[in-house]
Structures are given as structure tokens and as C-alpha cells.
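Participant: Here's the letter readout for the chains.
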Amino acid sequence: MPMTITEKILAAHTGRDSVHPGEIIMADVDLALGNDITAPIAINILRENGIEKVFDRNKIVLVPDHFTPNKDIASAEQCRQMREFAHDYDITHYFELGEMGIEHALLPEKGLVLPGDLVIGADSHTCTYGALGAFSMGVGSTDLAGAMISGKVWFKVPTAMKFVFTGELKPWVGGKDLILFTIGKIGVDGALYRSMEFTGDTIINLGMADRLAMCNMAIEAGAKNGIITPDTITEEYARQRASREYRFYDSDPEAGYDEIHEFDASAIELQVAFPHLPENTRPVGESGNVPIDQVVIGSCTNGRLEDLQQAAEVLKGRKISSGLRLIVIPATPLIYRQAMDEGLFDIFLDAGAVISTPTCGPCLGGHMGVLADGERAVATTNRNFVGAHGPSRERGLSVGPRRGRSERGDWSHFLA
Amino acid sequence: MDTDAIIPARYLNTSDPDVLASHCFEDADPDFASRVSAGDIVVGGKNFGCGSSREHAPIAIKAAGVSCVIASSFARIFYRNSFNMGLPIFESTDASRSIVTGDELEVKPSEGLIHNLTQGEKYTFEPFPPFMVDLIQEGGLIPYLLKEEA
Numbered sequence: 001m002p003m004t005i006t007e008k009i010l011a012a013h014t015g016r017d018s019v020h021p022g023e024i025i026m027a028d029v030d031l032a033l034g035n036d037i038t039a040p041i042a043i044n045i046l047r048e049n050g051i052e053k054v055f056d057r058n059k060i061v062l063v064p065d066h067f068t069p070n071k072d073i074a075s076a077e078q079c080r081q082m083r084e085f086a087h088d089y090d091i092t093h094y095f096e097l098g099e100m101g102i103e104h105a106l107l108p109e110k111g112l113v114l115p116g117d118l119v120i121g122a123d124s125h126t127c128t129y130g131a132l133g134a135f136s137m138g139v140g141s142t143d144l145a146g147a148m149i150s151g152k153v154w155f156k157v158p159t160a161m162k163f164v165f166t167g168e169l170k171p172w173v174g175g176k177d178l179i180l181f182t183i184g185k186i187g188v189d190g191a192l193y194r195s196m197e198f199t200g201d202t203i204i205n206l207g208m209a210d211r212l213a214m215c216n217m218a219i220e221a222g223a224k225n226g227i228i229t230p231d232t233i234t235e236e237y238a239r240q241r242a243s244r245e246y247r248f249y250d251s252d253p254e255a256g257y258d259e260i261h262e263f264d265a266s267a268i269e270l271q272v273a274f275p276h277l278p279e280n281t282r283p284v285g286e287s288g289n290v291p292i293d294q295v296v297i298g299s300c301t302n303g304r305l306e307d308l309q310q311a312a313e314v315l316k317g318r319k320i321s322s323g324l325r326l327i328v329i330p331a332t333p334l335i336y337r338q339a340m341d342e343g344l345f346d347i348f349l350d351a352g353a354v355i356s357t358p359t360c361g362p363c364l365g366g367h368m369g370v371l372a373d374g375e376r377a378v379a380t381t382n383r384n385f386v387g388a389h390g391p392s393r394e395r396g397l398s399v400g401p402r403r404g405r406s407e408r409g410d411w412s413h414f415l416a
Numbered sequence: 001m002d003t004d005a006i007i008p009a010r011y012l013n014t015s016d017p018d019v020l021a022s023h024c025f026e027d028a029d030p031d032f033a034s035r036v037s038a039g040d041i042v043v044g045g046k047n048f049g050c051g052s053s054r055e056h057a058p059i060a061i062k063a064a065g066v067s068c069v070i071a072s073s074f075a076r077i078f079y080r081n082s083f084n085m086g087l088p089i090f091e092s093t094d095a096s097r098s099i100v101t102g103d104e105l106e107v108k109p110s111e112g113l114i115h116n117l118t119q120g121e122k123y124t125f126e127p128f129p130p131f132m133v134d135l136i137q138e139g140g141l142i143p144y145l146l147k148e149e150a
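These protein sequences, in sequence, are chains A and B.
Residue numbers for the first sequence follow our numbering, so the first one is 1 and each next one is one higher.
Residue numbers for the second sequence follow our numbering, so the first one is 1 and each next one is one higher.
What the hints contain is simulated information worked out from the structure, not anything from laboratory work.
From a predicted model like this one, the values you see are computed outputs, not experimental measurements.
Certain hints may be false.
[What the hints assert, rightly or not] Quick list of in silico lysine-lysine cross-link-like pairs, DSS-like style, CA-CA up to 30 Å:
#1 A/Lys170 to A/Lys156
#2 A/Lys156 to B/Lys147
#3 A/Lys319 to B/Lys147
#4 A/Lys170 to A/Lys53
#5 B/Lys108 to A/Lys53
#6 B/Lys46 to A/Lys316
#7 B/Lys46 to A/Lys162
#8 B/Lys108 to B/Lys122
#9 A/Lys156 to B/Lys122
#10 B/Lys147 to A/Lys185
[Stated by the list, open to error] Some chain A residues flagged as far from chain B (calculated, every beta-carbon gap over 10 Å):
#11 Asp56
#12 Asp143
#13 Val188
[Unchecked claim] Covered stretches of chain B, going by a simulated chain A footprint (3 or more residues, C-beta under 8 Å):
#14 5 to 11
#15 67 to 81
#16 96 to 103
Idealized CB from N, CA, C, for every residue including glycine.
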């Protein structure tokens, strides 16, 4: 029976030849991920139930990236809880400050997630790894605890939606624009419970950083996962990083989709998501001039080297407007070093930016750039709900004007 | 109703249910925590619980004394979190549309029925699949898994 790439990966991890949309399965996980906000609840569950061993110490990843470097005493306690757990349970992949990066940038970079894997993470943006041809989805802390105990997670097999992008992208337009455009078309619950499969010649020509940004935001359309068929770009990316075998899956030509959307990607402009939903997108040219207080360039969506290179290209030789705050957050220590070695830090500093250590920080209104009530931000992050930034926000990274979503207001061009 | 509105990220430096409950819906309805009483039912619209995966959201709602949540639809991580940790939730567009604050409700999960005693209306919802019923009967995911392993 014809299957989608998602169905094939789920079947392979259930020890079956096929699975069908709608059925509930128990599947084996290749990797289970937690962070300093979500892991403590899972850790408490294990400790309270007297469970002294995890199913496989090599298949659990713990990344204290949200409120680190520790923002206050309570956060420090949560991080200590993770650290002690990692030690007591002999967890292989625990990343202490210095090695720690934003989880969904860090795991692909380290080769911990590979094509064909089934990954769950107690973080909604775990869907990022679909860019590698893996099935990955965000879950909660109890799911993480369940996976740490049993190595299994339950799923309802999703139906699938196919998104076909054709044509050459305009200058500066990238994966973030494609996904924002898509969410603008189908809405924040347009893919609820479903799988989003991104295909077409535009996607085939898209680099890995753009693919990761696209799949990262599948959750903002309500999807269970976003996925891209692995190809030569995937192979090149995975080969350099993998220390175990991986497998490419693809959808059968006759596989069933309950919706197919075809977009002329050559007509898609730079996108901005306005408050307070990721679906409130519009082309940057229709954004008007809205005063802003802060710009954040970073996050699991757009804190990769390619994103920083784009930002630097825009900022080179220029200064930000007086009164504006610009925060640049390289997503991992490696990206940090690369950006520094390439001279990007000089460009950012000359422009008037501050450069932060890797952290989710301001993306969730946590620390390192929380907004005051009524302030507006443009950010390259993924969500612009009320209060998400302290108050809210979203993307950036392009030419002259940048896009972004904001907290309690709107956004605007941020260059002088 | 996204998870930032249910429990703002600034309170995620704790997982203490009582602390989370005291800030439940704080940015959406600042008086909620002081008004809510045991057994109350929260009624939402579509895509309830969208956004972050934080299980602190259903934990906060449950610890506030809320007996169940009814919405037109739920975001998927919130949906599975609720079943996993034992907060009853029910999907009914009719109920979501018709119920107003103050209505007295009776929910009969096994019959797939919500009775609005104030308005004299009845709303239906799809019965849960057998697996979900098992999860509920075992008291959530962890007891279910531990029983399976045993």
C-alpha cells in the first residue's frame, strides 16, 4: 500500500510493514529530548516512581538552553536538577554551559538527529528535524518521562498535506518566508494534527538552514510534523556529522494526501508576521512604518550561521537607529565561533548590537531581552503571541527592511 | 487561547502546581485564579492550548481546581499532555459556541454528552478511542506504561 514518508518512518519504528492515518500506535524513539523548562517535570516523574534507569542512556538528550546562563535562583535550581539527573542516570548527551546551544540548532549540528530517525522532544519546535528527513514532533514532559522509561511514545498516525513550491526565489527570500507565507494561507490551525510535507523544485534547491527554519515552524500551523524528502543536500549535511547509520525514506508517488497546495514560490515576497498570531503575515512592502524598540536575531528558527551572515550583509557599514536595541544570539558555540572568525561580530558591534551567548532567552520572554509593556520588537524567532516576548514577536533577516513579528504592536524597518 | 496566555513563560522557572495555578490565565484574565473554584469548567474556542509544549499549562489548569476543559478544538501537544497527565478535555464546537459564563454544566464522558442545565441544551462529542480510554482508566501515561512493563 502506498505510504507517505511520515507513514514509512512510523511503520519502521513500530516494527510493521505499514501504518494507516488515524490509528494509534506505540513507536520506538531514536532520541528523546528535554530542556531546562520541560525536563524537570519528567525527571520528577522518574524519581517519584522510583525509576533508577532510563531505557537507553545514549538516546536521551538534555539541553539547558531556555533560562541559561541561569537567569535567577529558581532557574538555577531547575538546571541543577537536570545536571544531577544527567549525572545520576549517566546520560551521555547532556550539554553544560559552554557546550550548550539552542537545542534545535545543536542536535542537527552535532549529528545527533539523522535522516529516518523518530525523535520526540519536550519542546514544541522539535518538528525542526523534519528538514533532515526525520520524523520529529514536540510533546510534553510526561511523554518525555514515558520515553525515558520505556523508549516508546504513542502517536495517532497523521493524515498528510503536501505543499509544492515551484520557481526560483527572489533575492533574500528564504525558508522562513516560505513557511510564514504558508501559515498565512492556511492559518495557525490549518494543519492541526496533520503532517506537512514540503516538496517542489524550490525546496530541492533550498539549503539546510532554510529547510530547518521551514520545518521548525510547522507547529505554528498546528502540524504534528513538517518533513522534507532527503536528497543530496541532506546527504552532504548528514555525512559530515553522523557517527551511526541513517536511512532515507521518501513518499510513494501514489501516497494519499488530504490536501495538496501548490505555490509559485517565485512570486513570494519577504514576509512579516504581525501581532499576535503567526498567521497574520503580509509582504514586507505592505508593512508600513511602525516604530520599534528592539530587534532580536537568533533562535532555533533563525540563529544559524547563514542567518547571521544575511544580517551582517545588511548591517555592514551601517548603524542602527538611535533608541533601538539590537540583540544578536548565535544559536550554538560553533556558530558563535564561526561568526566571530568570519568577522561578523565586528559588523554587529559597529552597528550598535550586543551579542549574547546561545540561549532561547528573549524568544519566550524569558530573559536577555524581555520587553516592557507596550514595547514593540521585530525578531527572527517563531511566535508572536501576546506576552511571548515578555510582550511578543517573530522573524527578520533580510534586506533593508527586515521582517519580524512583534510583541504588543507592530514592527518596522530597523535600519537608520 | 495559547499556552502563553494559560501560563506565561516568566513562571516556567518552577513546576510547582500550586504556584502555577496561582498564575493560571493571568495575562488573559487577571482575576481568574481568585475567581475559580473547584469543579469549574473552562470553555474555550478553537486550537485551545496552541504554542509551546509546556505541560505547565494543563498542570496549572488542573491545580486551579478546574474539572475539565471544553473547546471547539485543541492544539495537539496540549491534547496529548492533558490525557497523559489526567486533565479531562472534550471537543465540541456546539458547546464551545453556546455555553456562556455562569452556565451550569454536566459532562458524561462515557455517553459523549455535555448537558447545559442552565440553558437546557445538550451537546455531543466524539467518544475517545479505546487507547485513550485505557490511558484515562489507568490514571495517565506513566501508570499505563508501568503496568505494561510489569
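Participant: Could you run down the list of hints and mark each one as holding or not?
Facilitator: Here is how each hint holds up against the structure:
Between A/Lys170 and A/Lys156, the direct Cα distance comes to roughly 38 Å. Violation of the 30 Å bound is thereby established for this hinted pair. Between A/Lys156 and B/Lys147, the direct Cα distance comes to roughly 21 Å. Compliance with the 30 Å bound is thereby established for this hinted pair. Under the criterion of a C-alpha separation no larger than 30 Å, the hint pairing A/Lys319 with B/Lys147 is inconsistent with the structure, at around 62 Å. Straight-line distance between C-alpha atoms of A/Lys170 and A/Lys53 comes to about 52 Å, which puts the hinted pair past the 30 Å bound.
For the hint linking B/Lys108 to A/Lys53, the alpha-carbon distance of about 40 Å lies beyond 30 Å, and the restraint is violated. Restraint check for B/Lys46 and A/Lys316: not satisfied, since their Cα atoms lie roughly 44 Å apart, outside the 30 Å limit. A hinted pair counts as satisfied when its Cα atoms are at most 30 Å apart, and B/Lys46 with A/Lys162 qualifies at roughly 23 Å. A distance of roughly 11 Å separates the Cα atoms of B/Lys108 and B/Lys122; the hinted pair therefore holds under the 30 Å criterion.
At most 30 Å may separate the alpha-carbon atoms for a hinted pair to count; A/Lys156 and B/Lys122 meet this at roughly 29 Å. As the CA atoms of B/Lys147 and A/Lys185 are separated by approximately 45 Å, the hinted pair breaks the 30 Å bound. No Cβ of chain B approaches the Cβ of A/Asp56 within 10 Å, the least distance being about 15 Å, so the stated non-interface status holds. Non-interface call for A/Asp143 relative to chain B: violated, since the shortest CB-CB distance, roughly 6 Å, does not exceed 10 Å.
Separation of A/Val188 from chain B is inadequate, the least Cβ-Cβ distance of about 6 Å not exceeding the 10 Å criterion. Note: the stretch 5 to 11 of chain B has 4 residues with beta-carbon separation from chain A under 8 Å; the three-residue rule is met and the coverage holds. Residue count for the stretch 67 to 81 of chain B with a Cβ under 8 Å from a Cβ of chain A: 6. That meets the three needed, and the coverage hint holds. Judged by the Cβ-Cβ criterion of 8 Å, the stretch 96 to 103 of chain B is not covered by chain A as claimed, because only 0 of its residues qualify and three are needed.
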